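Taking the hints into account, I'd like the entire structure generated from these sequences.
Using my numbering, read the sequence shown as starting at -11 and increasing by one per residue.
Calculated directly from the structure, the hints in this document are not laboratory data. Computed from a predicted structure; not experimentally measured. Be aware that one or more of the hints could be misleading.
In silico DSSO-like pairs for lysine-lysine, Cα to Cα no more than 27 angstroms straight-line [said to hold, decoys possible]:
| id | residue 1 | residue 2 |
| --- | --- | --- |
| 1 | 34 | 10 |
| 2 | 100 | 13 |
| 3 | 34 | 100 |
| 4 | 13 | 34 |
| 5 | 10 | 38 |
| 6 | 13 | 38 |
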Amino acid sequence: MALGVHLLRLMMLLLNIYDTYKVLKRPRRSARSAGQPAARALSQRKRQMKGCLAVWIVWCCFMTYESIAEGVVSLLIPFYDTAKSLVLMFLILTRARGAEPIFLHVIRPLVKPYTASLDAVANVAHMFGDFVFLLSMYPFRLMWEWWQAHWESAADEAQHAMHSILQHPSSLQPGGGQRRSVPVGPVRGDVRFPFVTAHRQPSADGTCHSRNLASASVLICR
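Below, the structure written as structure tokens:
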């Protein structure tokens, strides 16, 4: 019987999840409402959401009862597993129609007198949770600030280096941008390959000229 109780509990949980998925889906658009969901569909969805919420409240109360008082109650009531299976089958078959009366006539009257006290406790717990969260995030904030400052300084150094390169492009050339004198012979057919780009420099007879081939300058004298 215990195995049957576990299966019924699992079935009820899966049905609750599936019903919640269907309820949270947006209703279909209606052509009569200018592409918006119809008022009847929205009203029906609101009703289904209330029923689904009632089912979840009853389910949470049932699970709380199992974890706190079931060990004692099961010793006092004979055929406890059978009764529990019948209750689970009732909740599975009736769904919202069975959960809403339990919420309205059993759970709500028990909780309503203590609403103000429960709200105060919830607010204090919320503030304490926020404080713990901020305190736990403080080391990560310090690490993030250090990381951001480190990368900003590295980016500034790279930007400064790029700016200096753009201002002085001759520093990238061999020899620091200084030209080297290349001897040019007046012999006809002489071909020389200097290491730097040679500008057009005519010889004494005016027959020498330069041509750029690939990355080297070729000086041809005729």
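Hint check, failures only: 2
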